[in-house]
Amino acid sequence: MKRISLSRVFLYLVLLFLSFIFLFPLYLAVINSLAPWFNPPTAVPTAFKWENYYWATELIDFWRYAKNSLIIALIYVPLTTLSSGLSGFAFARLKAPGSNALFICVLSTMMLPGIVTQIPTYILFFRFNLINTYIPWLVWGIGGSAFFIFMYRQFFRTVPLELEEAARIDGCSIFRIYWNIFLPISLPVVATVTILTFHGNWNDIMGPFMYLREARYPLSTALSMVGYKPPGGDNQTIMQVTMAAGLMLALPIMVTFFIGQKYIVEGIVTTGIKG
Amino acid sequence: MRQIKQTTRRSIAFYTMIAPWLIVFLSFALFPLVYGFYLSFTNYFGFNLEDLSLVGLKNYQNVFNDKDAMGALGRTFLFAAINVPLGTVIALTLALLLNHNIRGRSVFRTIFYIPSIMPAIVTTMMWKNILFTGNGGILDRIIGFFGLGPVNWLGYDYALFSLVLMSSWGAGGGILIYLAGLKGVPDELYESAAIDGASYMQRLFRITLPLLTPVIFFNVLMGIIGTLQQYLQPILLAGDQLLARPIKPIYLYVVHAFQQIFANQRFAYGMALLWVLFLITLLLTLVVFKTSRLWVFYEDGGD
Numbered sequence: 024m025k026r027i028s029l030s031r032v033f034l035y036l037v038l039l040f041l042s043f044i045f046l047f048p049l050y051l052a053v054i055n056s057l058a059p060w061f062n063p064p065t066a067v068p069t070a071f072k073w074e075n076y077y078w079a080t081e082l083i084d085f086w087r088y089a090k091n092s093l094i095i096a097l098i099y100v101p102l103t104t105l106s107s108g109l110s111g112f113a114f115a116r117l118k119a120p121g122s123n124a125l126f127i128c129v130l131s132t133m134m135l136p137g138i139v140t141q142i143p144t145y146i147l148f149f150r151f152n153l154i155n156t157y158i159p160w161l162v163w164g165i166g167g168s169a170f171f172i173f174m175y176r177q178f179f180r181t182v183p184l185e186l187e188e189a190a191r192i193d194g195c196s197i198f199r200i201y202w203n204i205f206l207p208i209s210l211p212v213v214a215t216v217t218i219l220t221f222h223g224n225w226n227d228i229m230g231p232f233m234y235l236r237e238a239r240y241p242l243s244t245a246l247s248m249v250g251y252k253p254p255g256g257d258n259q260t261i262m263q264v265t266m267a268a269g270l271m272l273a274l275p276i277m278v279t280f281f282i283g284q285k286y287i288v289e290g291i292v293t294t295g296i297k298g
Numbered sequence: 029m030r031q032i033k034q035t036t037r038r039s040i041a042f043y044t045m046i047a048p049w050l051i052v053f054l055s056f057a058l059f060p061l062v063y064g065f066y067l068s069f070t071n072y073f074g075f076n077l078e079d080l081s082l083v084g085l086k087n088y089q090n091v092f093n094d095k096d097a098m099g100a101l102g103r104t105f106l107f108a109a110i111n112v113p114l115g116t117v118i119a120l121t122l123a124l125l126l127n128h129n130i131r132g133r134s135v136f137r138t139i140f141y142i143p144s145i146m147p148a149i150v151t152t153m154m155w156k157n158i159l160f161t162g163n164g165g166i167l168d169r170i171i172g173f174f175g176l177g178p179v180n181w182l183g184y185d186y187a188l189f190s191l192v193l194m195s196s197w198g199a200g201g202g203i204l205i206y207l208a209g210l211k212g213v214p215d216e217l218y219e220s221a222a223i224d225g226a227s228y229m230q231r232l233f234r235i236t237l238p239l240l241t242p243v244i245f246f247n248v249l250m251g252i253i254g255t256l257q258q259y260l261q262p263i264l265l266a267g268d269q270l271l272a273r274p275i276k277p278i279y280l281y282v283v284h285a286f287q288q289i290f291a292n293q294r295f296a297y298g299m300a301l302l303w304v305l306f307l308i309t310l311l312l313t314l315v316v317f318k319t320s321r322l323w324v325f326y327e328d329g330g331d
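Residue numbers (this note's numbering), protein chains in the order written: chain H, 24 to 298; chain W, 29 to 331.
Careful: at least some of the hints might be erroneous.
Cross-link-like lysine to any residue pairs, in silico, SDA-like; alpha carbons within 20 Å at most [what the hints assert, rightly or not]:
#1 Lys252(H) <-> Leu210(W)
#2 Lys33(W) <-> Met271(H)
#3 Lys285(H) <-> Asn163(W)
#4 Lys285(H) <-> Ala47(W)
#5 Lys211(W) <-> Thr293(H)
#6 Lys285(H) <-> Leu210(W)
#7 Lys118(H) <-> Ala47(W)
#8 Lys285(H) <-> Pro178(W)
#9 Lys252(H) <-> Met271(H)
#10 Lys33(W) <-> Pro120(H)
Chain H stretches covered by chain W per the calculated footprint, using a threshold of three residues with CB under 8 Å from any CB of chain W [as the list claims (entries may be wrong)]:
#11 30-38
#12 61-69
#13 86-93
#14 108-114
#15 119-125
#16 176-190
Rather than coming from a laboratory, the hints here were simulated on the basis of the structure.
Positions of the beta carbon are idealized from the N, C-alpha and C atoms, including for glycine.
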């Protein structure tokens with residue numbers, strides 16, 4: 024009995040120590056975002072200059088970039104979630120000539136390094152005069168994402184056949200079956216896909232850098248391109264304001280994770296992604 | 029008759045439902061892939077799309093004669109050889125620690141997971157400006173506490189180490205999938221092992237890890253593909269512009285391709301560079317798949 028509780032204590036100590044290591048950089052980011060300008064990095068809170076957060080929105084066109092981020096997310100995220108679900112359902116529940124070969128295409132896209140197709144895709148959008156518009160995100164959204172098609176498929180395959188058959192006897196069309204039966208029970212997966220898609224989209228730097236110009240950059244790309252310099256020409260970046268801006272960029276990611284964490288864990292368990 | 033109608037109806041429904049994916053896949057994934065392959069055999073430099081001429085294998089010959097490219101490729105392999113196993117061990121260890129019946133489990137899980145979803149720009153700014161910086165950086169102060177001298181973290185000797193360190197901080201991304209995999213290990217196995225008096229280590233190596241190999245396999249594969257393509261973090265560590273050129277030790281292969289395309293306008297050559305990487309990735313994936321029969325345990329005995 025004593026041995027067990029000792030190993031327990033040890034386990035907690037290890038977990039606390041590891042938590043400290045993982046949290047430490049984030050803690051540093053927060054306290055340095057509140058420190059006076061141009062100070063060297065600090066490991067203890069020295070001041071609480073909340074106005075750094077104001078300057079983060081003031082020294083660059085912060086809210087415009089944030090608005091761009093939001094527009095891109097609103098175009099891309101719902102479409103991908105819906106479209107991937109539709110394809111995932113078809114691959115899981117419907118057999119058709121060629122469906123297996125097409126599913127192998129889905130799997131191969133997951134393995135394909137995205138960067139290989141980016142330049143030719145750029146040329147394609149350039150030819151259609153769609154550079155510096157948000158239309159590419161509309162197109163990608165409609166296409167869905169291979170990874171999430173796979174995730175939906177894994178989940179829909181676990182739904183018992185009887186559920187579907189009962190509905191079919193009642194004369195439901197396949198679309199009705201998907202919409203009224205499959206989608207409602209897959210809420211954890213829908214939530215997971217929505218949140219993970221949002222994270223990928225919100226954090227993307229290179230896509231917008233290639234397909235958009237500065238005025239339409241989302242926040243992530245803007246923060247990697249424009250440094251925070253004090254007004255009046257000094258060429259040194261203000262680390263404290265940069266950290267404040269970075270934390271504001273990370274905030275929606277953290278909030279959506281906290282809200283959806285229950286679903287994400289459940290979603291990953293039920294889809295049983297294994298490969 | 030009715031049977032036939034039923035299957036045709038299902039086929040039509042299938043193709044209607046996957047149509048959005050299929051159309052975009054054909055026109056914005058498959059077509060660019062093939063088109064890019066074609067471009068890698070031309071003299072495309074950004075402005076001559078109307079007037080391309082074929083140059084045969086010249087771009088590919090250049091790839092293998094390009095010392096920077098070959099050096100970067102070797103470095104990328106080295107980075108992957110360190111980063112993928114290290115990341116796997118970290119995520120797996122964290123998941124195993126969390127796979128106990130403990131208080132505050134979801135809090136610990138969140139703490140380990142959060143760094144992996146931080147935007148790349150925030151992670152690199154944080155590490156670069158606060159931890160790595162030579163201007164009173166926190167890492168220097170920590171090692172100074174143990175009597176070690178300041179280190180040039182982003183200089184030639186330590187840049188790769190720093191990149192690995194920063195990547196390891198975000199390695200907790202895999203824990204959710206590992207935890208899901210651990211949930212799938214049947215309790216009966218542990219119970220009968222306990223009756224036989226097996227120690228924790230015996231249970232770990234005889235039951236848990238073998239049953240987890242499919243999940244590990246999936247993560248290792250994705251890790252290899254992702255690491256070979258890594259270019260954003262080295263660039264962001266190098267400067268505050270996306271065209272910044274990282275120093276040699278973290279000048280990875282895709283960084284080189286990126287430089288050739290965007291800084292030097294060598295588009296066709298860049299496509300050849302990327303296609304070489306793509307073929308290497310395919311080859312590696314194939315090798316990993318082939319060897320997986322030796323170490324991945326499938327409950328249904330394969331396939």
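Hint-by-hint comparison with the structure:
1. Lys252(H) <-> Leu210(W): 49 Å, violated
2. Lys33(W) <-> Met271(H): The hint is violated at about 56 Å.
3. Lys285(H) <-> Asn163(W): Violated, because 41 Å separates the two Cα atoms, which is more than 20 Å.
4. Lys285(H) <-> Ala47(W): Answer violated: Lys285(H) to Ala47(W) is near 32 Å, above 20 Å.
5. Lys211(W) <-> Thr293(H): Answer holds: Lys211(W) to Thr293(H) is near 10 Å, not above 20 Å.
6. Lys285(H) <-> Leu210(W): The hint holds at about 17 Å.
7. Lys118(H) <-> Ala47(W): 15 Å, holds
8. Lys285(H) <-> Pro178(W): Measuring from Cα to Cα gives roughly 43 Å; hence the hint is violated.
9. Lys252(H) <-> Met271(H): With Cα atoms ~18 Å apart, Lys252(H) and Met271(H) stay inside 20 Å; holds.
10. Lys33(W) <-> Pro120(H): Holds, at roughly 14 Å.
11. 30-38: holds (count 5)
12. 61-69: With 3 residues closer than 8 Å to chain W, the segment 61-69 of chain H meets the three-residue bar; holds.
13. 86-93: With 0 residues in contact (Cβ-Cβ under 8 Å with chain W), the coverage given for the segment 86-93 of chain H is violated.
14. 108-114: As far as the segment 108-114 of chain H goes, the hint holds, because 5 residues have Cβ atoms under 8 Å from chain W.
15. 119-125: holds (count 4)
16. 176-190: violated (count 0)
The structure does not agree with the numbered hints 1, 2, 3, 4, 8, 13 and 16 stated previously, though it agrees with the rest.
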